[in-house]
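Trainee: Given chain A, put chains B and C in place with the hints provided.
So the chains spell out like this:
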Amino acid sequence: MTVATGAVTGNRAAGGAVGTAHTRLEGRAKVTGTARYAGEVPFAELAHGQLVLSTVARGRITAVETDAVLAMPGVLEVLHHGNAPRLNGDYAGMLGKADPLLQVFQHERVPHVGWPVALVVAETPEQAREAADALVVRYATEPHDVAFSEAHPAAYGTDAETGGTAETEKALDASEVVVDARYTTPEEHHHPMEPHAAMARWDGGRLEVVDSNQGSAFVADELAKLFSLDPASVRVRSEHVGGAFGAKATRPHVVLAAMAATVLHRPVRVVLTRRQLFSLVGYRSPTVQRVRLGADADGRLRALDHQAYCASSSFREFIERSADFGRVMYGPDAYRSQNHVVPLDVPTPSFMRAPGEAPGSFALECAIDELAEKCGLDPIALRSRNEPEVGVVSGLPFSSRNLLACFEEGARRFGWSERDPRPGVRREGRWLLGSGTAAARFPSGAAPSTAAVTAEADGTFTVRITAADVGTGARTALALIAADALEVAPERIRIRIADSDFGPAMVAGGSMGTRSWAWAIVEAVRALREKLALGGTVPPQGLTARADTGASISALSKKERHSFGAQFAEVAVDVTTGEVRVRRMLGMFAAGQIVNPLTARSQFLGGMIWGLSMALHEEAVRDGATGGHVGADLAGYHIAAHADIPPLEAGWVDDVDEDDPVGIKGIGEIGIVGAAAALANAVWHATGVRHRDLPIRPDRVLAAGAAERPGPEGA
Amino acid sequence: MREFAYERAADVAGAVALLGSGPGARALGGGTNLVDLMKAGVERPQLLVDVRELPLDRIEEDGDGGLRIGATVTNSELAAHPEVRRRYPALAQAVLAGASGQLRNMATVGGNLLQRTRCGYFTDTTKACNRRSPGSGCPAVAGEHRNGAILGASEHCVAVHPSDMGVALAAFDTVVEYETADGPGTLPLDALYPPVGDAPHRETALPEGALITGLTLPDAPVAAHSRYRKVRERASYAFAIGSLAAALDVRDGVVHDVRLAFGAVASRPWRARRAEEALRGGPAGADAFAAAADAELAAARALPDNGYKLTLMRNLVVAVLGELTEEAGR
Amino acid sequence: MPPSTPSESSAPSPTYSDISLRVNGETYALPVDHRTTLLDALRERLDLTGTKKGCDHGQCGACTVLVDGRRSLACLQFAVAAQGREVTTIEGVADGDRLHPVQQAFLDLDGYQCGYCTPGQICSALGVIEEHAAGWPSAVTADLRPEAGPAPLNADEIRERMSGNLCRCGAYASIVEAVARAAAPDAGGSCAGVCGTEVTA
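Going down the list, the sequences are from chains A, B and C. Quick note: the first sequence, position 66, residue 66 per full-length UniProt numbering, numbers continuous. Quick note: the second sequence, position 200, residue 200 per full-length UniProt numbering, numbers continuous. Quick note: the third sequence, position 101, residue 101 per full-length UniProt numbering, numbers continuous.
By construction, these hints were calculated from the structure, which means they are not laboratory data. Don't be surprised by glycine CBs; every beta carbon is placed ideally from N, CA and C. Among the clues, some could well be false.
[As the list claims (entries may be wrong)] Cut-off 20 Å, straight-line C-alpha distance, at most; resulting in silico cross-link-like pairs (DMTMM-like, lysine to aspartate or glutamate): (1) B:K39 to A:E123; (2) A:K374 to A:D133; (3) A:K559 to A:E387; (4) B:K39 to A:D133.
[As the list claims (entries may be wrong)] Derived coverage of chain B by chain A (criterion: at least 3 residues anywhere in the stretch with Cβ under 8 Å from a Cβ of chain A; other residues may be distant): (5) 120–126; (6) 142–152; (7) 233–239; (8) 315–325.
Bound-form chain A, shown alone (with noise of 0.2 Å):
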């Protein structure tokens, strides 16, 4: 066949492809139940690993008694610290230096409750179970240290505060109005639908794995370290993935499955159960936020101080960067930021969805309600009059910012102009109603990947990208650009992505995901369409272009880069039981180009509802006697369910940023950023009372009660 530029424009859909909605390509898979995960991949000769984890917060293992289990129906093996292979540690992973965690069964330490110290292997996953449970693990315990509070001895600042103090003080003395609001937000989990799964063989002097992931290039290389393999020797793949949120990464399950098959010769699958993903698998840490506003009567900000507080293990540094949320929100005249760390004898926590951005957007922008209140502002006005030409803290102009767009459009679709300012004056029934804004923020980045694409024989092309579909629809949208890329209808496209062997490319994560790769589809099509242009015949095999985008993510011109985003949230409170319950929810988003406006507002609402449950539902409960969890499950750590979620709408402003080559920012994470305060803030107007911790649960609710307030309608 032979192929000329002209010949790939053909079907083209009229406009593209790009910005208008697809259903996913793996719909079908995945609403007939054929769609297979990573622990349901059949394997002959399966054998079942189950985890043992510590039970006590610190200490050392003194001893694992495996003969008894051994002795089990069906047992194959006990690996522990006393037997089990050898694991490198010393290399740099994707987050800096080897995770502590990854080094598994590697010494006796136990450094908190859920630690992992033994995998029981089993025929059957019956009795993997059982003998799992049955097996005695004795330890020489020490005195732990759970309690997480910003007035911990051990507590330090991360970084060089941001700003400087003395200024930041002048300024708040000089302000007419001053905020200075204490916020709290708990330890909240990842939890996605599919716990963590990993099948691992040895095939053809390869390690195989099936993995539940984020980014299978990284596991693979990850693996690779830890067992001193050449990286070409790993293979990972990870078709469909249920969920991850920032909790896929690589994690103690898959080095398992890789011990485990190494050592018995045999494939071996480690599935997660709920409980043990509360240990293993990263979490967002409990904060402590301080945030001092100072402004003049007009609302214009003078001083933002944000001093923010989390937790980390003892073992490893991970920062939950709560106080850099405000870093280009707003244009003080003084600014400054910190972030503080307590180390504790907990796991590390990890990235979780919009990590940082979350809870500190709760505070900042509860914290700029409070402060629109004391002015006599309505808040968005209050907002409007402190945009920021650059970056408070970079100096840098921004790449585009259509923040107050996001507000205005919100504001009309939501009736905001009806909206009565005053607090606690509106009742229906036994409940109370109030309505409350906030803004959005989170980073729009890219990180270099590689991508291949193949014209075939028969016409059609093959892209091949690592990347991870993990509900986000990153397969269907890349379909898509690399359809309009080509200028061929997505029809001709064949995607295949999470496989290692399709070589590195950015994880599914931080927003950066569906960017990334887009960049590096878009710059193989370019390459290919260039071999094209020579003219001649696409062999049978087809012809193959690559790309990298190294280079060029490097070239882009340092600015401000973001999406932004304006919150609405409408609730009705019970004062005399607590009860919150949201009536409605409206996101507008800036987020560059839209790439498939009905998934992507799948991912606004999810992002949302995310938002609504950690404002009103999730939360971790640490007991402080054993260090470990109460009610760690999911009857016990609630997530929202259909009854919480009234109806919600997203929408999106035209976001062109011209110096951007793929124009598109990621849309994962900016849906809960502001969430949680809009929906604070909502109480706040719907009571008269300021909730500043989260959730707001109704014994908070009921303790707080409403403020007597003379309404019109005697509430």
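Mentor: Below, chains B and C alone, put in the same frame as chain A:
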């Protein structure tokens, strides 16, 4: 989970014989609690006696104006039954407020009454719990007890009973019928659950090896004017942090008859008899309702983090009785 | 009920059985360890992995299947106890290549994201539609009296009835739209007034 034998009982006599064969035998109904606890290692039976095919799946008139409900009637069937909805609406509401559609389709009436607390210490075998492991202590008292009991608890256990259905049944003087190898017996629902005291592991007064065969809901005209209100930390599919079953008969502004039972405040569905006594024959009004609630809650003892339940229950009594009064006046 | 204090002296009883399971109209004969749940039997023994394991404790709804036509959780029943019952899983919902209207609505309206809770949501939706048609009330049904007649299957009813199926991606809005559309195909795709809910004051 350890291995176990399984038998499907064909008749009540056979089931009772199997259940009496040893302390390791358990009746398997819907399994919604037992199977969960077996996975958690809290229950480790040696024999499961499947009772779902026993002929105990009917809801019938009891001949005295009440209803007899078979033990294997599912929650869903109970809540959907026209006579339950008409004569005991709070019971239908309570059942519908519990769990999820799937669980209600599985769960049985008999099993509902025998379900065990969801206290996070009880369900976690790595932690101490007097109810699960007598003498090991109750860490909830000094630990996490936000959903702990305020009535009838002791320093040995502050767990609450999770049932919604049981709260409505308690309000309506339900009698529990059971069968043992030595013959049948009955217990008022109130007497099914012994006081916590120093033996929280003794959760029921049923004889060893007994099988609940059914319930009798006595005739209670007041029950037709009843309501169940449940407060929880999400809008559905969550256990109560406080709930109320209330029935009220007001005539000319005077309380003629009243039934009140509290949920999620004690180790059992809590019949609020003191509150009822305070109300009966007196005026129907917010002040009287609040005073009645206070009379019941006078015996309450709160821990640092569950004192909100006193406010919640008081407010629920006032609100729900107020609604029932208003409806009676229409 | 006291905690189990097993008598170690009792005679050994079999802890496995040869059973036959009816799934999606087919009969499967298999020996099972009594500990094997219906969920594990489907996934590990019959290779019917469409039914998902989200929590394994009845707290998420991902394992929802239909047993004798009623939605129930496969994780909280033992396979041996499912003998003699008719099990329908997500693999048995479509009519050959033709999707069931519920499946089609989920696909068209993007009633999912990662897809892991989806088979459970769809099986649950099938049950919801049946239960509503049978006149079963829900916790949000205002008037329970049978004389009041069945409440319309509006968005509030769907939300309450579907609440046993958690979705961590937060696809709830589209799921409710999909169930409404599938439940009321005669409404000309208007989703019984659920879709496109105006978000204005």
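Trainee: Taking the hints in turn, state whether each one holds.
Mentor: Against the structure, the hints come out as follows:
{"no.": "1", "hint": "B:K39 to A:E123", "result": "19 Å, holds"}
{"no.": "2", "hint": "A:K374 to A:D133", "result": "57 Å, violated"}
{"no.": "3", "hint": "A:K559 to A:E387", "result": "17 Å, holds"}
{"no.": "4", "hint": "B:K39 to A:D133", "result": "10 Å, holds"}
{"no.": "5", "hint": "120–126", "result": "holds (count 5)"}
{"no.": "6", "hint": "142–152", "result": "holds (count 4)"}
{"no.": "7", "hint": "233–239", "result": "holds (count 7)"}
{"no.": "8", "hint": "315–325", "result": "holds (count 4)"}
Of the numbered hints given earlier, the model fails hint 2 alone.
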